[in-house]
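Visitor: In order, the protein sequences belong to chains A and B.
Counting from 332, one number per residue, gives the positions in the first sequence under this note's numbering.
Counting from 79, one number per residue, gives the positions in the second sequence under this note's numbering.
It cannot be assumed that every hint is accurate.
List time: in silico DSS-like cross-link candidates among lysine-lysine, alpha-carbon distance up to 27 angstroms [claimed, not checked]:
no.: 1; chain 1: A; residue 1: 373; chain 2: B; residue 2: 122
no.: 2; chain 1: B; residue 1: 116; chain 2: A; residue 2: 425
no.: 3; chain 1: B; residue 1: 95; chain 2: A; residue 2: 425
no.: 4; chain 1: A; residue 1: 402; chain 2: B; residue 2: 95
no.: 5; chain 1: A; residue 1: 387; chain 2: A; residue 2: 425
no.: 6; chain 1: B; residue 1: 130; chain 2: A; residue 2: 402
no.: 7; chain 1: A; residue 1: 399; chain 2: B; residue 2: 122
no.: 8; chain 1: A; residue 1: 425; chain 2: B; residue 2: 130
Label-pair restraints from in silico Cβ distances [said to hold, decoys possible]:
no.: 9; chain 1: B; residue 1: 90; chain 2: A; residue 2: 370; range: 17 to 27 angstroms
no.: 10; chain 1: A; residue 1: 399; chain 2: B; residue 2: 92; range: 32 to 42 angstroms
no.: 11; chain 1: B; residue 1: 145; chain 2: A; residue 2: 390; range: 30 to 40 angstroms
no.: 12; chain 1: B; residue 1: 134; chain 2: A; residue 2: 426; range: 16 to 26 angstroms
no.: 13; chain 1: B; residue 1: 145; chain 2: A; residue 2: 398; range: 14 to 24 angstroms
no.: 14; chain 1: A; residue 1: 370; chain 2: B; residue 2: 106; range: 39 to 49 angstroms
no.: 15; chain 1: A; residue 1: 372; chain 2: B; residue 2: 134; range: 21 to 31 angstroms
no.: 16; chain 1: A; residue 1: 384; chain 2: B; residue 2: 157; range: 42 to 52 angstroms
no.: 17; chain 1: A; residue 1: 409; chain 2: B; residue 2: 94; range: 45 to 55 angstroms
Source of the hints: derived by calculation from the structure; they are not laboratory data.
Note that CB positions come from ideal geometry on N, CA and C, so glycine has one too.
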Amino acid sequence: GESVGLHLPTLSVQEGDNSIINCAYSNSASDYFIWYKQESGKGPQFIIDIRSNMDKRQGQRVTVLLNKTVKHLSLQIAATQPGDSAVYFCAENKRGAQKLVFGQGTRLTINP
Amino acid sequence: DAMVIQNPRYQVTQFGKPVTLSCSQTLNHNVMYWYQQKSSQAPKLLFHYYDKDFNNEADTPDNFQSRRPNTSFCFLDIRSPGLGDAAMYLCATRTSGSYGYTFGSGTRLTVV
Numbered sequence: 332g333e334s335v336g337l338h339l340p341t342l343s344v345q346e347g348d349n350s351i352i353n354c355a356y357s358n359s360a361s362d363y364f365i366w367y368k369q370e371s372g373k374g375p376q377f378i379i380d381i382r383s384n385m386d387k388r389q390g391q392r393v394t395v396l397l398n399k400t401v402k403h404l405s406l407q408i409a410a411t412q413p414g415d416s417a418v419y420f421c422a423e424n425k426r427g428a429q430k431l432v433f434g435q436g437t438r439l440t441i442n443p
Numbered sequence: 079d080a081m082v083i084q085n086p087r088y089q090v091t092q093f094g095k096p097v098t099l100s101c102s103q104t105l106n107h108n109v110m111y112w113y114q115q116k117s118s119q120a121p122k123l124l125f126h127y128y129d130k131d132f133n134n135e136a137d138t139p140d141n142f143q144s145r146r147p148n149t150s151f152c153f154l155d156i157r158s159p160g161l162g163d164a165a166m167y168l169c170a171t172r173t174s175g176s177y178g179y180t181f182g183s184g185t186r187l188t189v190v
């Protein structure tokens with residue numbers, strides 16, 4: 332079935348560098364996308380979201396880009412900190428389906 | 079603070095012994111979801127309640143049941159837990175018509 336997936340399962344970056352986490356989705360009917368951060372033993376924590384009528388949205392140190400042409404979503408984290416180490420999931424909300432489908436996840440490790 | 083609370087945080091159950099996980103919310107959200115998340119995997123939707131209407135995912139095993147006695151509470155019943163049911167179980171809520179999903183911290187289920 333259609334799903335949201337990620338290109339890279341792991342990503343290591345140096346503290347202070349910028350990181351980019353990617354996500355590919357296949358359901359063109361999805362109208363809303365969310366990035367979650369999940370630390371070990373905890374539930375998903377909302378980071379940032381974007382609606383399908385937008386291309387870019389910025390938050391504090393994070394930016395989400397949506398390319399509907401190639402069905403690609405990315406999360407950019409600026410000036411990474413040790414506390415950014417976690418697994419990051421993208422998720423899509425299927426229009427009319429009232430449910431969130433998660434992608435595979437990327438483990439981000441920040442090296443000192 | 080309004081939130082989604084899952085109890086217990088950790089649950090150990092015996093193989094084949096029925097177990098119930100609980101979720102409560104003070105957000106007055108009318109939609110409640112149960113996700114199963116196995117180690118190093120993305121959360122997978124089991125079912126959700128839209129008000130009192132139960133919506134089961136097609137691939138959710140019959141071993142998993144749910145009850146929602148009122149708006150605030152939702153239970154996940156596993157009738158005969160197997161070793162493969164060991165996972166983190168996440169509850170989430172949402173108000174229909176909005177995109178804001180709120181997740182609980184999860185219950186880590188161990189089957190022995």
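Visitor: Indicate, hint by hint, whether the structure satisfies it.
Guide: Hints and how they fare:
For the hint linking residue 373 (chain A) to residue 122 (chain B), the alpha-carbon distance of about 16 angstroms falls within 27 angstroms, and the restraint holds. With a CA separation close to 23 angstroms, the supplied pair residue 116 (chain B) and residue 425 (chain A) stays within the 27 angstroms bound. A hinted pair counts as satisfied when its Cα atoms are at most 27 angstroms apart, and residue 95 (chain B) with residue 425 (chain A) does not qualify at roughly 36 angstroms. For the given pair, residue 402 (chain A) sits about 44 angstroms from residue 95 (chain B) by alpha-carbon distance, which is inconsistent with the 27 angstroms threshold.
For the given pair, residue 387 (chain A) sits about 19 angstroms from residue 425 (chain A) by alpha-carbon distance, which is consistent with the 27 angstroms threshold. With a CA separation close to 35 angstroms, the supplied pair residue 130 (chain B) and residue 402 (chain A) exceeds the 27 angstroms bound. Of the supplied pair hints, the one linking residue 399 (chain A) and residue 122 (chain B) holds, its CA atoms being roughly 24 angstroms apart against a limit of 27 angstroms. As the CA atoms of residue 425 (chain A) and residue 130 (chain B) are separated by approximately 21 angstroms, the hinted pair is consistent with the 27 angstroms bound.
For the hinted restraint 17 to 27 angstroms between residue 90 (chain B) and residue 370 (chain A), the CB-CB distance of approximately 22 angstroms keeps it satisfied. A C-beta distance of roughly 49 angstroms is found between residue 399 (chain A) and residue 92 (chain B), which places it outside the suggested range of 32 to 42 angstroms. Evaluation of the 30 to 40 angstroms hint for residue 145 (chain B) and residue 390 (chain A) yields a pass: the beta carbon distance comes to about 37 angstroms. Against the hinted window of 16 to 26 angstroms, the Cβ-Cβ separation of residue 134 (chain B) and residue 426 (chain A) comes to about 21 angstroms, which satisfies the hint.
Restraint check, residue 145 (chain B) to residue 398 (chain A): a C-beta distance of roughly 42 angstroms breaks the suggested window 14 to 24 angstroms. For the pair residue 370 (chain A) and residue 106 (chain B), the beta carbons lie near 28 angstroms from each other, so the given range of 39 to 49 angstroms is not met. With their beta carbons about 28 angstroms apart, residue 372 (chain A) and residue 134 (chain B) fall inside the hinted range of 21 to 31 angstroms. The given range of 42 to 52 angstroms is respected by residue 384 (chain A) and residue 157 (chain B), whose C-beta atoms sit roughly 44 angstroms from each other.
One distance hint, 45 to 55 angstroms for the beta-carbon pair residue 409 (chain A) and residue 94 (chain B), holds here, with the actual separation near 50 angstroms.
Violated hints for the displayed structure, listed by number in ascending order: 3, 4, 6, 10, 13, 14.
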